[in-house]
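The hints should help you fit chain C onto chain R, whose structure is shown.
Protein chains: 2
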Amino acid sequence: MKEIVAGVDIGGTNTVYGLVDKSGKLLAEGSLKTTKYPDIKDFVAALTSAISGLVSKDKTLKLGAIGIGAPDANYLRGTIEDAPNLAWKGIVPLADLIKKKINVPVVLTNDANAAAMGEMIFGGAKGMKEFIVLTLGTGLGSGIVINGQMVYGHTGFAGEVGHFIVEPGGRECGCGRRGCLETYGSATGLVKTVLFLLSDMRADSPLRNIPPSELTAKTIAEAAAKKDPIALKAMDYTAEKLAMGIADCIAFSSPEAIFLFGGLALAGDILFKPVRKYVEAGVFPNFKGTVKILPSSVPQGSNAAVLGAAAMGWNEIK
Amino acid sequence: MKEIVAGVDIGGTNTVYGLVDKSGKLLAEGSLKTTKYPDIKDFVAALTSAISGLVSKDKTLKLGAIGIGAPDANYLRGTIEDAPNLAWKGIVPLADLIKKKINVPVVLTNDANAAAMGEMIFGGAKGMKEFIVLTLGTGLGSGIVINGQMVYGHTGFAGEVGHFIVEPGGRECGCGRRGCLETYGSATGLVKTVLFLLSDMRADSPLRNIPPSELTAKTIAEAAAKKDPIALKAMDYTAEKLAMGIADCIAFSSPEAIFLFGGLALAGDILFKPVRKYVEAGVFPNFKGTVKILPSSVPQGSNAAVLGAAAMGWNEIK
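These protein sequences, in sequence, are chains R and C. Just so it is clear: in the first sequence, position 8 is 33 by our numbering, and no numbers are missing. Just so it is clear: in the second sequence, position 242 is 267 by our numbering, and no numbers are missing.
Here chain R stands alone, though its shape is the one from the complex (with noise of 0.2 angstroms):
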């Protein structure tokens, strides 16, 4: 028999899951509508139907555990705690309900934690015992490995790196505050950050002729590429506010790497080589040279999610 494991990435429109081996290798995956099943007990009952049944169509592998990444969870209760975008209301004792189900090791986390571990099982992080993955995308998320274990802290939800304040009364946040990290060094940060440029610098722009609703960081980095200075500026503006979070995080834990992963990370040279200047130029001087700036070497897309989710369970029975 061979032992597998399956990765679950639950998102607010669809849940995606596969089964991964212990090198990586993705063997099978599916998905299903999250919003097709507003009573958890019937998302519990058609995730796991649908996990038994890619497990047996090969009758040599074995189900050794469920790594699941959802928005709002929390690894050390198993659960999924008032998720503002999914249908399922207060605290759901996830990994309970999919244990009754199919009795093997349950656990979940948030996507950025599950990024983090699919980075050190699978990815650029292997054998390394002090990273921090950043996943820039909507948001700025965090996961944060210390002495070789992901922190979790107190609660569950240590991890808010998007939520350091680098710009004191600066730009509204989705969290009631300002001037939050991932108000600037998000995908929609890098968005913001065009718009109020558009403001401020006079320079023509094919930017102007898009509307703002419609404005995608990969837009503004294919601008960024052809030389359009207001995207340029904006990344470069992007690069100073992401490493100010940075040089905090070095300064709390020392790592020896930082891994960008996410829709804004896939910009490539153009946002990380200005954020490895900031980042040696405004860091605590004793940790100058000491972290490396790096992308996400798990394959990025839906499957990086599956992977990450998949890595949390291998990390639990190994």
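I should point out that these hints are in silico values taken from the structure, not numbers from a laboratory. It cannot be assumed that every hint is accurate.
No copy is singled out in the list; a pair is fine if it fits within one copy or between any two copies.
[Unchecked claim] Restricting the straight-line Cα-Cα distance to at most 25 angstroms, the calculated cross-link-like pairs of lysine to aspartate or glutamate (DMTMM-like) are:
#1 K154 <-> E106
#2 K217 <-> E192
#3 K151 <-> D294
#4 K313 <-> E192
#5 K258 <-> E192
#6 K298 <-> E247
#7 K317 <-> E106
#8 K317 <-> D107
#9 K313 <-> E106
#10 K313 <-> D97
#11 K82 <-> D46
#12 K313 <-> E197
#13 K302 <-> E192
#14 K317 <-> D97
#15 K154 <-> E281
#16 K302 <-> E197
#17 K313 <-> D107
#18 K154 <-> E341
#19 K87 <-> E54
None of the values given here were measured: they were computed from a predicted structure.
What follows is chain C alone, placed relative to chain R:
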């Protein structure tokens, strides 16, 4: 035989040492003038012979380990590295040098980490796995415990929370940057704030009669206790800035408690009340009400440093 540990606190001027039993009782103590030994070999000879002398006075004692707190100490390497306030230049392999004289486990770390270990082994953090100690003295140091383990980071120098940037472009810091937490939230920061407020406010105050070079946190706390408006405002502002740094710590690692230690923390309620208020108002909403802000319960004064250093030793052999 009763096992004991030697705790050593190396300061720029004095070195204090003592024998500490498992319950945190200081059985004997002594001190050396650090400045009398510009050659590290002479210092090691004097220190080890002083410790051996203390131990040999009571034939029932057996030395189990030596724990040392020192500026710029690296736990991972057992070294003191480029300490600007000590005569020994470059990288000093202190643990190895001592082990050659007294063959027991020798560990060293900076004073903030030693304070955190003291809190965990002998103080208010007994049984806690997630907490941070902030030492509010001339500078602002931090000792961080996550998953029950001290955080040293990849370099061995983690825990520079005093160098979070809380005010971009703010006050000059000794590290060469501007706006670091320690320029606002340390005892020295409080003095700077009083100086600013003496320029900004018209209120009469006995603080106007003290030469700036003689102003101390203690004097200011005493004036605040007597309702001096400038001292009160300074204490409130210091608390607000400290709370900003604390909020970022909480966003990172979601601790159970933050302990305040050292000169400024002795101000008591006049500091703790506004710190708690600003932390609750300013922290990422999910963490409201999850963190205790507490005074250190290791006895303050020179003994606290010796106890913290001894706790490092006890932790090593436990």
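Here's how the hints hold up against the structure:
1. K154 <-> E106: Between copies only: 23 angstroms across, 29 angstroms inside.
2. K217 <-> E192: both (14 angstroms within a copy, 22 angstroms between copies)
3. K151 <-> D294: within (23 angstroms within a copy, 47 angstroms between copies)
4. K313 <-> E192: both (23 angstroms within a copy, 21 angstroms between copies)
5. K258 <-> E192: Result: close both inside a copy and across copies, 18 angstroms intra and 23 angstroms inter.
6. K298 <-> E247: Within one copy only: 16 angstroms inside a chain, 51 angstroms across chains, cut-off 25 angstroms.
7. K317 <-> E106: between (34 angstroms within a copy, 22 angstroms between copies)
8. K317 <-> D107: Answer is between; shortest inter-copy Cα gap is 23 angstroms, intra-copy 36 angstroms.
9. K313 <-> E106: Cα proximity of K313 and E106: across copies only (15 angstroms, versus 39 angstroms in one copy).
10. K313 <-> D97: Close across copies (16 angstroms), not inside one copy (34 angstroms); limit 25 angstroms.
11. K82 <-> D46: For K82 and D46, the Cα distance is within 25 angstroms only inside one copy (15 angstroms; across copies 63 angstroms).
12. K313 <-> E197: between (32 angstroms within a copy, 19 angstroms between copies)
13. K302 <-> E192: This pair counts as both: shortest intra-copy Cα distance 20 angstroms, inter-copy 21 angstroms.
14. K317 <-> D97: Classified as between: cross-chain Cα gap 23 angstroms, same-chain 29 angstroms, threshold 25 angstroms.
15. K154 <-> E281: Both, since 8 angstroms and 23 angstroms are each at most 25 angstroms.
16. K302 <-> E197: Classified as between; 22 angstroms across copies, 27 angstroms inside a copy.
17. K313 <-> D107: between (40 angstroms within a copy, 15 angstroms between copies)
18. K154 <-> E341: both (17 angstroms within a copy, 20 angstroms between copies)
19. K87 <-> E54: within (16 angstroms within a copy, 62 angstroms between copies)
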